[in-house]
Amino acid sequence: MKQALSQARYGIAAVVAVVALFVIGALAAPNLTFRVYYAVSFIVLAAIGLAIIFGIMGVINLAHGEFILVGAYATTLSVTKLGVPLPAGMLVGALVTALFGLVVERVIISGYVPNWIGQQTVGRDLIKPFYDRLADSMVATFGLSLIMVQGARIVFGNSINQIGVPFGSTAGYPDYRIALVGITAGVLAVVYLLFTRTDFGTRVRATMQDEQTAMALGINTERTYMLTFAIGSGLAGFTGALFAPLLSMQPTLGSQFLVEAFVAVVVGGASVVVGTSLSGLMLGPIDALFSDEFGEFAGRIALLVAAMLALRFLPGGITGVVDRLRDRMEGGS
Amino acid sequence: MSESSDPASLGPNVRQTAAEMATGDRTETLLQTEDLVKTFGGFTATDSVDFAIEEGELRCLIGPNGAGKSTLLKLITGTLTPTDGAVYYNGHDITDLAPNKRVDRGISMKFQVPSVYGDLTVRENARLPIQQFADGAERRQLVRESIDAAGLSGYEQVEASTLSHGQQQQLEISMAASLEPDLLLLDEPVAGLSVDERAKIAERVTRLNEDEGIAFIVIEHDTDFVGEIADKVTVLDEGDVFREGSIEEIESDPAVKRIYLGEDDGGDE
Amino acid sequence: MSRDSISRRGFVTAGGAALVAGLAGCSGSSSEGASTDSASSSETVKIGVLEDQSGNFALVGDPKYKASMLAIEEINADGGIDGKEIEPVTADPQSDNQRYQELTREYINDEAVDALWAGYSSATREAIRPIINRNEQLYFYTTQYEGGVCDWTTFACGPTARQQLGSVLPYLREEFGPKIYTIAADYNFGQLSADWVKVLANENDAEVIGEEFIPLSESSFGSTISRIQEADPDFVMSMLVGANHTAFYEQKASSGLDVPIGTSTAMAQGYEHRRIDPPAMANIYAGVNYMEEVPTAGNTSDGGFVDRYYEKYPDAPYLNEEAETNYFTTYMYKEAVEQAGTLEQPDVIEALESGISLGTERAPEAPEGGSIELDGATHHVDHHMWVMKADEEHTVEAVTNEKIPEQFLSETVGCDLTQETEQTQYTPVDYFEEAE
Amino acid sequence: MVAASTPSAITRLRNRLEGPNTIGNSRRFWTALALVVVALIAFPVVGGTGSQFSLFLVLGLLGLSLSLVWGYAGVLSFGQVVFFGIGAYTFGVVSINVPTPAGITGAVFAGVLAGAVVAALLGYFMFYGGVRDVYVTIITLVSTLVMLTFMAQTAGSEWTIGSAALGGFNGMPAIPLLTLGIEGVFTFQFVFNDLELFVPVLGVVNIDPFYYLSLAVLLAVYLGLRVLVNMDFGRVLVAIREDEDRTRMFGYDVERAKLVAFTIGGGLAGLSGVLYAARNVYIDPSVFQLYFATLPVVWVSVGGRKSLLGAVSATVAVEYVRLSLGGELALVVVGALLLVSILVLPGGIIPWIDDKLSDGRLDVSDVESPETPPEATEP
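Protein chains in written order, with our numbering: chain A, 1 to 333; chain B, 1 to 269; chain C, 1 to 436; chain D, 1 to 379.
This is chain A alone, in the form it adopts within the complex (with noise of 0.2 Å):
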């Protein structure tokens, strides 16, 4: 219990700092810290999705933008077409890109349907499943892009109308993009807590880090993959929701986060919240900064160097880093 607690204490305190420099930057210098929040904001969303389905399950997907893709065009047409709320679109955009995650998963990674047919067919197996296997499933997820881009352009067509931007702008930064700030920190703490404080969270994490101890105690591995790839896949989905309105609607529109995304989780390191979250408050700030400094071309240097960086000099990535500086104060008290 003492150590939690303590993991705690670090945990509140960590957030409560972000929050009081966002408030003490909004009245200093509102537009810059609005941009530098919402460069971590976007980073973060990016990364999400992802984190689960590559940080946690081992699949490489090159298809990550391909399931914001679903997720913004399901938000927009839901929106455009049927005449929903926006949030409500947003929802759908969440929840179908999540089905699409769970057919995928079903599918082609775990090999389930496949494997299903093959004993009824041939009485055995036909595939394995794509977990832990990096470099097969990246050509795997790779194939799935290609058809899901040309898929949606044939479906969809060169491009479909976009949605409007809600809200108005507070010192000449859009209240949208605040909002974005918002929710982005509201889906961290729903994903922690959902990781960390649920049995279910407790299942995953048992799974993924030994799957036949975690049959031998009784989990349903297969559902607990399936259910993981789907939530991971409906968090893709909803940052394609959040971004709709924000983004020209081509069937192209995911490969503006497929660099982000990889970066922030292989920087931030094992864990998928707070890997994710430091990742975003340590690259976001460089790219807004120099960008704001030396103009867009540096900050995209700025963020692709300081990546390669954190990579090359931070082993285990920023998780690994938080978990040796809470040992040694541990340590040390």
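It should be emphasised that the hints constitute simulated quantities derived from the structure, not laboratory data. Glycine included, every Cβ here is placed at the ideal spot set by N, Cα and C. Among these hints, one or two may not hold up.
Stretch-level coverage of chain A by chain D, calculated; a stretch enters the list once three of its residues show a Cβ under 8 Å from a Cβ in chain D [said to hold, decoys possible]:
(1) 241-252
(2) 260-266
(3) 305-315
Here the structure of chain A is known, so what remains is to put chains B, C and D in place on it, guided by the hints.
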């Protein structure tokens, strides 16, 4: 010992030239650690350990789990660098020497988890350590010896991953021994093996120690196995040397039983 | 000669090659006749049309493809060229320069096309120009571009940056004031267009108070917008390009930045005003030679270009600037071939250089009684330029229009392809020091 | 010891070319390979100059470079296109500035050297920094995007090296035609120099000499790599791929071995880039795009990670399909092909074929079958 002929061989010359050996002061001690400390954040794995091995000695290392046995071994092989203290080998300070350089000096190791190259055949496994210092007919000879010593003749073309647990342990010991080291470290070589497989390994280790003069540090819980092979036994507890002596002294000492059974006897001051 | 037959033949020979060496017997006829066999005797006119229908440029490339097909269909219905039917040879290069190079090589060597339309982006043009120059292939490049290509077998018939910016910048200078803030895509087209803004600002005593280049992959413009707000220019010149940059207009509107924006790229190519909810594109002035909303007899009257386009393609999303260039260049080619009386490319080029002019019916950008001319010396077109403004509800109206010649190559550089067979691209920085 | 006659040159050569680390060690394999090579030599005569096919041979080199680095050393790198592009641009810059045959020949070596040097620098940064497995992959992925973003904005006149303008997103135009040799001694132009050839049955046919250059280079590199991976160095790489820590404790300098493999891979990718730029007389930053950077990983995965032959054949096959499929469904078909092939044959096509044909490796049960109990085999 001819340097292997193909130019791109990256394996260093394993055996040191005689001259280099001579300069070190000629003491009987092969390996010595001085106040060796290793901490992981708040946890102290080894607490200023002083420990020495004579040439040709067969030392066993026992102690409850978490006593720092594996950590001590990793500090000797260089996989871990100590927080404080030093490691001397043949009189030279090797504290910060890279692992593969320590193998040049004659230290070799068998890992806790049997790690042979699963996808490669037994012959390919056996050849790997030998290829860096032997060539042609000599290499074929040493490889054959290494395989026979592991009791795997006839299995040359078999994929290592399909061997039994015991066979893999034997193969890995052969590979480590084929470097003709002065000091061979074994991390729980008989864990999970059947009785007759343990006997084979015990006989193998004693033969290497007596016939080829290889010194050993063996981590093992099985006290019968330890009794059979050990010249001397060191007991580690909470990161420090708790007792050292012959197997009989150690087995008869009540304090050792107590630390194994978990009662905290408040140290032996 | 549809796409499949080509790949099947290719597949057979490759398969044959992999199997056995002596396959000369079963692979049928020897390889395609030498590329220079005279096509005039054959009864069809072979035109190559390579436009992106998938990949990053599909949004703007697809209308180009459709307009070419419309022109070809109309000409064939009207008896073809010189009585010969046009046989289009097409494929989808998927916005991939490697595919463009392979297909261009194949269309010149194997298909022996009489004329080639290919490519949206400047990068694609430069990727295939070495192959075109080497085979001296008649090539139409129909996208608005940075200008300066003086190449004797290439006809860059889209408007140049000088023509487009030359129409909108002076107007905005008069309306709103001299202080200009330039933002442009960070690649050749954007950088050269920014140079032209400086040249035109100098000519119209305006002043460029800020300049910014945005990587093509960037989609968040927070810092750019705040710098524009600080600089407080009279108007902004925007040469942003591509899907990611569309986010700028949305973010500008929702940040409450309502400075007027002049552009040579927005609305006319990617029809942002149709795809994004108002008022994101409000107050934006596009200087273009053509947009679907250009109010000319040939364009918007009954049975005009717009009606004919949507009759053939009911669910097409928009009729963009480059589509009209594909359309009228096909008619220019028809006229040149009929004037030359042969399909031999050198003669057709000479006919094209004799100065072909089209009225509003075949060049919908030209108003009633007006016309556009193909300038023989520079192989560029003196376009009828329009400044089109989008209002709060994104309805687009014409503000001014005037005929603007190419000028840069003709007057400043002095490129005359009727005299020398040059193949170079000139840039403004070589001729105007203010473009530094 | 029977005094065997000294082994004939061929068997000695075969010993060097064959070994456990390469597929195809039987006489049947070598005859099949000879047949394929002869067929490829005859292909331009029948298949129309073969100028398109030469692209696949050039990209085959890129596939081989990744097969060495990933298949053998276990380093999954997205960076091969970085060395590919840098090799191509270096070749362009040097040959534009020194357009004589000697200059162009020098440019080829400069391109290969540039690829190797950049690979060595990036490799040193990663391997000696203790960066391993997925972190290496992501760093190389990020490096391709740094190159793309940087090269796309080199359009300004200040980005000119000597008389060679980098050209930003429009790319570097007018790279001199590949002419190798020394002025006066012997020079030959390989690109845009179709040769007339009289063939008895088919009459006059023109063939593209560049096709034969790339075929020869690919064959030489393939055989060279076979020798390399069957040498002791190759065995060390395979051991590192299987278990890095174990190999380190056998006294091998693992970091140096990975760096050498990564540098050779960089040089090969550079060579492929040089030939790519020479063939197209043009190079642009689109080679650094994520889509193009992923292709080598796809080729080597589909063909078979642990086999050089797999990498080459899959590169030619996948690229042929990718570039010759037209129509709307092309990308969907390519995507489906990749998905199915990795689902059904994760180990790759060539190793699967190899298992089917040759006996391959034994299983312990083969040796310990009931009638020959293990003791019986004790010496």
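Against the structure, the hints come out as follows:
1. Interface restraint, the segment 241-252 of chain A with chain D: violated (0 residues with C-beta to C-beta distance below 8 Å; minimum three).
2. Coverage of the segment 260-266 of chain A by chain D holds [criterion: at least 3 residues with CB-CB distance below 8 Å; count 3].
3. With 7 residues carrying a beta carbon less than 8 Å from a beta carbon of chain D, the segment 305-315 of chain A meets the three-residue requirement, and the given coverage holds.
In summary, the one numbered hint that this structure violates is 1.
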